[in-house]
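A.B. asks: Listed below are the residues making up each chain.
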Amino acid sequence: MSKLKENYKDSFSQKFSDFMTGDLEVPDEVHPRKKQAKNNKVIQADEFFSEFTDADDIKRRELYQAFRNRKFMEWINRAYNIISVVVAITIICVLLFTVSFLPAFGDKDNPANNEVSERYIEDGLDETGAVNIVAGMILDYRAFDTFGESNVLFIACCCVLILLRNDDDEPLPDEDVVDFRRDIILEKAAKFLVPVILVFGIYVVLNGHLSPGGGFSGGAIMGAALILFACAYGFERMERIFSYKTFRRITFGALLFYGLAKSYSFFTGANHIESIIPLGTPGAILSSGLILYLNICVGLVVACTMYGFYTLFKRGRI
Amino acid sequence: MLKEIFSHLMTNYYETAAVIIFGIGFTTLLLNKNLIKKIIGFNLMDNAIYLFLASKGYIESRKAPIVVNGVRDMEAYINPIPAGLVLTGIVVSVSVTAIMLALTVKLYRRYHTLDIDEIAIISKKGGI
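Going line by line, the protein sequences match chains A and B.
Sequence positions in the first sequence follow the working numbering and run 17 to 334.
Sequence positions in the second sequence follow the working numbering and run 463 to 590.
Hints may be right or wrong, so weigh each one.
[Unchecked claim] With a straight-line Cα cutoff of 27 Å, these simulated DSS-like cross-link-like pairs (lysine-lysine) come out: (1) A:K330 with B:K525; (2) B:K499 with B:K568; (3) B:K500 with A:K207; (4) B:K525 with A:K124; (5) A:K330 with B:K586; (6) A:K330 with A:K204.
If you are wondering where the hints come from, they were derived from the structure by calculation, not from laboratory data.
Start from the sequences and build out the full structure, keeping to the hints where you can.
C.D. replies: Given below as structure tokens:
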């Protein structure tokens, strides 16, 4: 393919390289960089993109559609769709073939049911004091892992805060969402529902070592109650009971307590020192050593994070 | 041969369903250019993995691993380990989804579109 060809622009290789580089003839007035050069001033990145007007948007989209609708692109798109479906079906078939060799579902002799789970079930109650073996496993044997999970949630909330932060009281650029603040039905329903959901969430957290549930599920329920309250009564009233300061203090305090408590139990465990934390009678609410307190910590972190996600996406602030 | 494979698949029906959901999620990821739909496909794949893990822990005619009436025999309860693993997975997937959605919001505010190809073209042309 020589570049000397006269109809080079219509040749396959040029079209292919256009496709690969995403090249598209953009006229000057819609081209952001040229527009910037024409105005001949230094602007910040945010202003730079806010200079796009709706008309520019529409024009750009038309150009883009024209680019997509060219015959060559159509052909590439169709080929891409067919190839991706074929690839997906191949992956499903290979995985199904593998599944057919897996040990039978629900068989007690499966290799996954080995001495590890035997140890957890037979000695878990004595060693952790938790009736719920899963809670004993994740908050005692594997507590370090759960600490990491809480930190992952906290760091995710920090990342969303960095990305969506909007400290000025200006409305967001695309604020056309419906504000439910004045909805009387929602307000009355929330008045009844929020306490019930909150109490249920606290129950699930506090009974994490006795029954199904625990910090993560209970925290998610409490977060749902907070979100419902904020939905019904607006952020001004929410800020009276839950502001950014509360968020910081609760999350930091919970993570710090978790870290210190588990450091103590790791220290005593590794040095064969007798831990002073009593295990209590299994089945009582104040039993199973640290698990109850760790569940409360995890629940607080999860509830704060869930509410934080909601309010950050809604208005860019906690 | 095929008949044998099919009968095995019917025995392992939970795993079969998980694998098929995984495939659907993967296809969604490949076929859609909309970022939100891509995130939905990603979450479908996550959920397929949880279904697979949870089904690996199940044992026929045994109960959830919560000690009742002091029965502490291994023969009485299902495997508790996959439950803990699924918990970890759910938390990580929630965090990852939140960050992906935040990035999508940010991209939409800049480029006024969710189409990933369009964003790629504009960002190349615009230089940012």
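A.B. asks: Decide, hint by hint, whether the structure agrees.
C.D. replies: Status of the hints after comparison with the structure:
1. A:K330 with B:K525: violated (42 Å)
2. B:K499 with B:K568: Cα-Cα ~16 Å, so holds.
3. B:K500 with A:K207: violated (37 Å)
4. B:K525 with A:K124: holds (13 Å)
5. A:K330 with B:K586: violated (30 Å)
6. A:K330 with A:K204: OK: K330 of chain A and K204 of chain A at ~22 Å, within 27 Å.
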